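Work out the full structure, taking the sequences as your base and the hints as a guide.
Protein sequence lines, in the order shown, are assigned to chains A and B.
Taking numbering that gives the first Met the number 0, I'd label the letters of the first sequence as residues 0 to 113.
Taking numbering that gives the first Met the number 0, I'd label the letters of the second sequence as residues 0 to 113.
Hints listed in this document are in silico derivations from the structure and should not be mistaken for laboratory results.
Source: prediction; values computed, not measured.
Among the hints, a few may not be true.
[Claimed, not checked] Derived BS3-like pairs: lysine-lysine, alpha-carbon spacing no greater than 30 Å straight-line:
id, chain 1, residue 1, chain 2, residue 2
1, A, Lys54, B, Lys56
2, B, Lys54, A, Lys54
3, B, Lys102, B, Lys77
4, B, Lys77, B, Lys56
5, B, Lys77, A, Lys50
6, A, Lys88, B, Lys107
7, A, Lys50, A, Lys88
8, A, Lys54, B, Lys47
9, A, Lys102, B, Lys77
10, B, Lys29, B, Lys47
11, A, Lys54, B, Lys77
12, A, Lys29, A, Lys56
13, A, Lys77, B, Lys50
14, B, Lys50, A, Lys47
15, A, Lys56, B, Lys88
16, B, Lys77, B, Lys50
Protein chains: 2
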Amino acid sequence: MSSDQLSTIFHALADPTRRAILASLTTGEKTVSDLAEPFDMTMPAITKHLKVLEKAKLIERSREAQYRPCHLNPDPLKDIDEWMEQYRKFWEASFDQLEDYLKQLQSKRETNDE
Amino acid sequence: MSSDQLSTIFHALADPTRRAILASLTTGEKTVSDLAEPFDMTMPAITKHLKVLEKAKLIERSREAQYRPCHLNPDPLKDIDEWMEQYRKFWEASFDQLEDYLKQLQSKRETNDE
Numbered sequence: 000m001s002s003d004q005l006s007t008i009f010h011a012l013a014d015p016t017r018r019a020i021l022a023s024l025t026t027g028e029k030t031v032s033d034l035a036e037p038f039d040m041t042m043p044a045i046t047k048h049l050k051v052l053e054k055a056k057l058i059e060r061s062r063e064a065q066y067r068p069c070h071l072n073p074d075p076l077k078d079i080d081e082w083m084e085q086y087r088k089f090w091e092a093s094f095d096q097l098e099d100y101l102k103q104l105q106s107k108r109e110t111n112d113e
Numbered sequence: 000m001s002s003d004q005l006s007t008i009f010h011a012l013a014d015p016t017r018r019a020i021l022a023s024l025t026t027g028e029k030t031v032s033d034l035a036e037p038f039d040m041t042m043p044a045i046t047k048h049l050k051v052l053e054k055a056k057l058i059e060r061s062r063e064a065q066y067r068p069c070h071l072n073p074d075p076l077k078d079i080d081e082w083m084e085q086y087r088k089f090w091e092a093s094f095d096q097l098e099d100y101l102k103q104l105q106s107k108r109e110t111n112d113e
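Okay, structure coming up:
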């Protein structure tokens, strides 16, 4: 996973239409017209988004059928998930701190109630 | 978490220098000069990157000290982690399929050895 590949994936995800296209592929493969339908966009605009997703390898297009349906490729998302690993301890730590704080509040309240 | 906020976070992460800045903040808060040091970049170029990270709320700058040190804010990364949740089943499924395939290979080998 080169640094440039990660940038290409993050760039592809930095757009609400492209994320919506990905989400709609979670239910199975779709043709370009199927994908274009929910968006008020021209075909060239949708095709441009698909090319960005294809470059990031987030979608793949079948070469078999004439209408070349698109399907989701989860591998680049897994790469991001692995990149995220180094940061996970930070919010887990914050959550633990919050839990400690709530416990302190609770024990203070119990002391006051006595 | 609005769709635009997610786009701003993904956009901020779509650059190797900005990801390196974030990684260097995992060891603690740093001044702008500390952050600029490992990169062969001008101060205005680094400042521009910091502004993109700040807009995405990935870093925060202290208002207390005169040199305004930067620190990491993990919340936007957590938002991405939550967004990712809907896709996790895909690579977990692929991993399960791989495991099944390896088990089949193994049992085939055992049958051949008999």
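Given the hinted pair A:Lys56 and B:Lys88, is their Cα-Cα distance within 30 Å?
Holds, because 18 Å separates the two Cα atoms, which is no more than 30 Å.
Restraint status (C-alpha distance of B:Lys102 to B:Lys77 at most 30 Å):
violated, 35 Å
Taken at face value, is the distance from the CA of B:Lys56 to the CA of B:Lys77 at most 30 Å?
Given pair B:Lys77, B:Lys56 holds - Cα atoms ~12 Å apart, limit 30 Å.
Decide if the proposed pair is consistent with the structure: A:Lys54 and B:Lys77, CA atoms, cutoff 30 Å inclusive.
holds, 26 Å
Does B:Lys77 pair with B:Lys50 here, judged by a C-alpha cut-off of 30 Å?
Holds, because 20 Å separates the two Cα atoms, which is no more than 30 Å.
Does A:Lys50 sit within 30 Å of B:Lys77, going by the straight-line distance between their CA atoms?
holds, 28 Å
Is it true that the CA of A:Lys29 sits at most 30 Å from the CA of A:Lys56?
holds, 16 Å
So if I understand the rule, the pair passes when the alpha-carbon distance is 30 Å or less; does A:Lys88 with B:Lys107 pass?
violated, 42 Å
Given the hint that A:Lys54 pairs with B:Lys47, does the C-alpha gap stay at or below 30 Å?
Roughly 27 Å between the alpha carbons, so the hint for A:Lys54 and B:Lys47 holds.
Against the 30 Å threshold, does the CA-CA distance of B:Lys29 and B:Lys47 hold or violate the hint?
holds, 16 Å
Verify the proposed pairing of B:Lys54 with A:Lys54, using a straight-line Cα cut of 30 Å.
holds, 27 Å
Do the alpha carbons of A:Lys54 and B:Lys56 lie within 30 Å of each other, as the hint requires?
holds, 28 Å
When the structure is compared with the earlier hints, violations turn up for hints 3, 6 and 7 and for no others.
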